Amino acid sequence: KNQVEQSPQSLIILEGKNCTLQCNYTVSPFSNLRWYKQDTGRGPVSLTIMTFSENTKSNGRYTATLDADTKQSSLHITASQLSDSASYICVVSPRGGYNKLIFGAGTRLAVHP
Amino acid sequence: EAQVTQNPRYLITVTGKKLTVTCSQNMNHEYMSWYRQDPGLGLRQIYYSMNVEVTDKGDVPEGYKVSRKEKRNFPLILESPSPNQTSLYFCASSLGVMNTEAFFGQGTRLTVV
Numbered sequence: 491k492n493q494v495e496q497s498p499q500s501l502i503i504l505e506g507k508n509c510t511l512q513c514n515y516t517v518s519p520f521s522n523l524r525w526y527k528q529d530t531g532r533g534p535v536s537l538t539i540m541t542f543s544e545n546t547k548s549n550g551r552y553t554a555t556l557d558a559d560t561k562q563s564s565l566h567i568t569a570s571q572l573s574d575s576a577s578y579i580c581v582v583s584p585r586g587g588y589n590k591l592i593f594g595a596g597t598r599l600a601v602h603p
Numbered sequence: 007e008a009q010v011t012q013n014p015r016y017l018i019t020v021t022g023k024k025l026t027v028t029c030s031q032n033m034n035h036e037y038m039s040w041y042r043q044d045p046g047l048g049l050r051q052i053y054y055s056m057n058v059e060v061t062d063k064g065d066v067p068e069g070y071k072v073s074r075k076e077k078r079n080f081p082l083i084l085e086s087p088s089p090n091q092t093s094l095y096f097c098a099s100s101l102g103v104m105n106t107e108a109f110f111g112q113g114t115r116l117t118v119v
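From first to last, the protein sequence lines stand for chains W and S. So the first sequence is numbered by my numbering: it starts at 491 and just counts up by one. So the second sequence is numbered by my numbering: it starts at 7 and just counts up by one.
Bear in mind the hints are in silico, worked out from the structure with no lab data behind them. Just to be clear, a hint being listed does not mean it is correct.
[Said to hold, decoys possible] Subject to a maximum C-alpha distance of 27 Å in a straight line, what follows is the list of computed DSS-like cross-link-like pairs (lysine-lysine):
{"id": "1", "chain 1": "W", "residue 1": "K561", "chain 2": "W", "residue 2": "K590"}
{"id": "2", "chain 1": "S", "residue 1": "K75", "chain 2": "W", "residue 2": "K590"}
{"id": "3", "chain 1": "W", "residue 1": "K590", "chain 2": "S", "residue 2": "K71"}
{"id": "4", "chain 1": "S", "residue 1": "K77", "chain 2": "W", "residue 2": "K590"}
{"id": "5", "chain 1": "S", "residue 1": "K75", "chain 2": "S", "residue 2": "K24"}
{"id": "6", "chain 1": "S", "residue 1": "K63", "chain 2": "S", "residue 2": "K75"}
{"id": "7", "chain 1": "S", "residue 1": "K63", "chain 2": "S", "residue 2": "K77"}
{"id": "8", "chain 1": "S", "residue 1": "K71", "chain 2": "S", "residue 2": "K23"}
{"id": "9", "chain 1": "S", "residue 1": "K63", "chain 2": "W", "residue 2": "K590"}
{"id": "10", "chain 1": "W", "residue 1": "K547", "chain 2": "W", "residue 2": "K507"}
{"id": "11", "chain 1": "W", "residue 1": "K561", "chain 2": "W", "residue 2": "K547"}
{"id": "12", "chain 1": "S", "residue 1": "K63", "chain 2": "S", "residue 2": "K24"}
[Said to hold, decoys possible] Some chain W residues well away from chain S (every beta-carbon gap over 12 Å; in silico):
{"id": "13", "residue": "K561"}
{"id": "14", "residue": "Q562"}
{"id": "15", "residue": "S573"}
{"id": "16", "residue": "G596"}
Treat the numbers as computed from the prediction; the structure is a model and nothing was measured. No residue lacks a Cβ here, since even glycine has one placed at the ideal position from N, Cα and C.
Could you put the whole structure together from the sequences, leaning on the hints where they help?
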């Protein structure tokens with residue numbers, strides 16, 4: 491069963507535009523929700539970590555939101571740059587899971603000039 | 007520079023030939039883990055370790071072994087590799103077990119023929 495589902499699977503946008511990536515999860519209860527950026531052939535790099543009590547967290551042009559009632563999170567990218575081309579992965583850590591991480595399959599974003 | 011280092015980055019081997027993928031971190035982290043990443047799927051945990059000499063199975067441990075004799079090193083051992091273990095492998099480390107950022111290595115792309 492997929493406990494963390496992301497949409498869309500892939501997305502193409504033009505440089506300078508904004509975009510929003512979605513994450514729906516069924517993991518409950520959970521300790522925190524994370525967003526990672528993974529460049530092709532590289533390891534994931536953390537963008538944001540939100541505990542279950544937080545609603546939003548920003549990191550530069552990246553803003554993550556969390557609605558624990560609807561079990562949804564989104565990652566908003568503002569004024570996209572070519573270097574934003576990557577996969578973006580939503581990760582949920584179950585409460586009491588000893589830092590166990592449950593990964594979504596990711597959204598592959600391509601930013602074109 | 008704080009980092010998680012995996013070696014080798016690329017490996018092609020034949021079925022049944024034992025191999026070891028090394029992982030080392032220089033951040034004095036207690037928690038380390040191994041993941042595999044396959045197309046269309048999220049990262050899946052193979053094994054994890056909460057401290058020296060403490061290891062436990064993740065979600066897909068079959069066909070793998072690990073050891074944690076020193077805090078900084080967490081090698082992944084494939085005693086008898088099979089083609090279904092062809093995958094992209096990531097080692098990760100974090101300071102603790104709750105709400106702490108996970109740092110990932112650069113990945114090891116393994117092909118078993």
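Against the structure, the hints:
| no. | hint | result |
| --- | --- | --- |
| 1 | K561(W) / K590(W) | holds, 18 Å |
| 2 | K75(S) / K590(W) | holds, 22 Å |
| 3 | K590(W) / K71(S) | holds, 18 Å |
| 4 | K77(S) / K590(W) | holds, 19 Å |
| 5 | K75(S) / K24(S) | holds, 20 Å |
| 6 | K63(S) / K75(S) | holds, 17 Å |
| 7 | K63(S) / K77(S) | holds, 18 Å |
| 8 | K71(S) / K23(S) | holds, 14 Å |
| 9 | K63(S) / K590(W) | holds, 11 Å |
| 10 | K547(W) / K507(W) | holds, 20 Å |
| 11 | K561(W) / K547(W) | holds, 16 Å |
| 12 | K63(S) / K24(S) | holds, 20 Å |
| 13 | K561 | holds, 17 Å |
| 14 | Q562 | holds, 17 Å |
| 15 | S573 | holds, 18 Å |
| 16 | G596 | violated, 7 Å |
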